[in-house]
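Q: Position one of the sequence shown corresponds to residue 1055 (my numbering), numbered consecutively onward.
Hints are computed from structural coordinates only; laboratory data are not their basis. Warning: the hint list may mix true and false statements.
To be verified - Here are the computed lysine to aspartate or glutamate pairs in the DMTMM-like style, where the Cα-Cα straight-line distance is at most 20 Å:
#1 LYS1057 x ASP1072
#2 LYS1071 x GLU1081
#3 LYS1094 x ASP1082
#4 LYS1057 x GLU1081
Values in this document were obtained by computation on a predicted structure and should not be read as measured data.
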Amino acid sequence: MEKYILTDTVNGVHVSKDLQEVLTKAEDDVKNGRVAAIGKTFTELRNMLQEN
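Produce the complete structure using the sequences and hints provided.
A: Spelled out as structure tokens, the structure:
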């Protein structure tokens, strides 16, 4: 399996992360209720924008 690396600069510091690790942690966050699934997030955002 090919390995993909995400790179970015955060507060002037170069950061590299393994994409698979990032996705695994994100999936774990959703499963354990630490964040909402993206579909729910967009639905809530759409509803908020329609209220105004």
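Q: A separate judgement is required for each hint: does it hold in the structure or not?
A: Hint-by-hint comparison with the structure:
1. LYS1057 x ASP1072: Since the Cα atoms of LYS1057 and ASP1072 sit roughly 7 Å apart, the hinted pair holds (cutoff 20 Å).
2. LYS1071 x GLU1081: 16 Å, holds
3. LYS1094 x ASP1082: 16 Å, holds
4. LYS1057 x GLU1081: Within the cut-off at roughly 18 Å; holds.
Comparing the model with each numbered hint stated earlier shows that all of them hold.
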